[in-house]
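**Q** Residue numbers (the working numbering), protein chains in the order written: chain A, 1 to 272; chain B, 1001 to 1067.
It is possible that part of the hints are untrue.
Taking beta-carbon pairs under 7 Å as the criterion, some of the chain B residues facing chain A (in silico) [what the hints assert, rightly or not]: (1) 1040; (2) 1041; (3) 1042; (4) 1043; (5) 1059; (6) 1060; (7) 1061; (8) 1063; (9) 1066; (10) 1067.
In short, the hints are calculated from the structure, not lab data. It should be emphasised that the depicted structure is a prediction, and the values quoted were computed from it without experimental measurement. Even glycine gets a Cβ: it sits at the ideal position worked out from N, Cα and C.
Chain by chain, the residues:
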Amino acid sequence: MTYDTAAGVFLSRGDQNPGDPPRLGIIDPLTSAVQVVTISGLPVNQQKVNGIEYWAAQSSIVVTFGAPPNNEERLAQIDLSGVVLRTSANLGLGDRDVLAQNPLTGDLLAIDFNDLAPRLAVIQDPFGILATSAYVNPPVDGSLGDAAVSPATGQVFACRVAGDNELVRVNVATNDYSTIGMFGTSSPVVGIAFVPEQSTVVLFVMGAATAGVLRLVRRINRKNRKSSPMQQSAERSQSDLQAREASRVAQLAAVLSSITSNFVRTSMTCIG
Amino acid sequence: MNGRVLACRKNVAGRALAILLCAASFLSVDALPVHAAMLYGITLVSSGDTNLVTIDPNTGATTLVGL
Chain A
1 MTYDTAAGVF LSRGDQNPGD PPRLGIIDPL TSAVQVVTIS GLPVNQQKVN
51 GIEYWAAQSS IVVTFGAPPN NEERLAQIDL SGVVLRTSAN LGLGDRDVLA
101 QNPLTGDLLA IDFNDLAPRL AVIQDPFGIL ATSAYVNPPV DGSLGDAAVS
151 PATGQVFACR VAGDNELVRV NVATNDYSTI GMFGTSSPVV GIAFVPEQST
201 VVLFVMGAAT AGVLRLVRRI NRKNRKSSPM QQSAERSQSD LQAREASRVA
251 QLAAVLSSIT SNFVRTSMTC IG
Chain B
1001 MNGRVLACRK NVAGRALAIL LCAASFLSVD ALPVHAAMLY GITLVSSGDT
1051 NLVTIDPNTG ATTLVGL
């Protein structure tokens, strides 16, 4: 599971039975609408999809894929309609069931808690000059599923989908896990994702609104100071002046309206 | 002289409108909740449906959101 900050929707890999095409689930948190689309364009015999992440640093949706039943060793970039835009070479890490981005660094992590070391690896330039490096290598744990990195702290969280239904933290410094606590749901949590901090958006919009208003006020003042009253009356008629002022006010209102509507849309999306 | 008065009035009116709009934008921002990054999860219900939940990253406790 991942949160697409550009589209304001959660994305999830759909269940995939043997022989079935891979599917992408799109969940709109505002309307609770769920849309399922088929992922198309993967190479023949390599159509098993598992990890999914919105990689904000690259503004792209990426998935792990490979030969069934469980060899997701490559990355593909897809769009919201499920079309594969490009594919990577084999990452050289073995199976990778999970993808997660670190919002603090922009790094993309390819993860498999029950496969080869390093179980959490950083992927660089997957569709260009591919390079990988170890991030952290905790013990094999076959009960862990999806993972997400906190945009506030950089901590890696995972959900335990087999056995206890609980939240786990991956400790980078000590290469191990800490149990945070039980989810407290009767149904297993099969995917997790962070939604970015809303206050960042608020501060940005407040700053942009204030700067925009002040800039327009300064512009109005500068225009009014430029000409003497006599020159003004000579250069333009009173109706011209009124038209210009009305235009500036309309411009000001349009800018603020745009900022406000964008902010409300973004905030609603973030609130979920 | 009339032109100067007219310009002055418009200047004051423009400035007042800008201040009002600026204040309104701040008020609308303040009215919206501000919170830290939130952790969400999807649960797989026995019927095959999914639910969306929020997860407290300090305790793991979930709250049903929808779906």
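**Q** Now tell me if each hint is right for this structure.
**A** Hint check:
{"no.": "1", "hint": "1040", "result": "5 Å, holds"}
{"no.": "2", "hint": "1041", "result": "4 Å, holds"}
{"no.": "3", "hint": "1042", "result": "5 Å, holds"}
{"no.": "4", "hint": "1043", "result": "4 Å, holds"}
{"no.": "5", "hint": "1059", "result": "5 Å, holds"}
{"no.": "6", "hint": "1060", "result": "3 Å, holds"}
{"no.": "7", "hint": "1061", "result": "5 Å, holds"}
{"no.": "8", "hint": "1063", "result": "9 Å, violated"}
{"no.": "9", "hint": "1066", "result": "4 Å, holds"}
{"no.": "10", "hint": "1067", "result": "5 Å, holds"}
Hint 8 from the list above is the single one not met by this structure.
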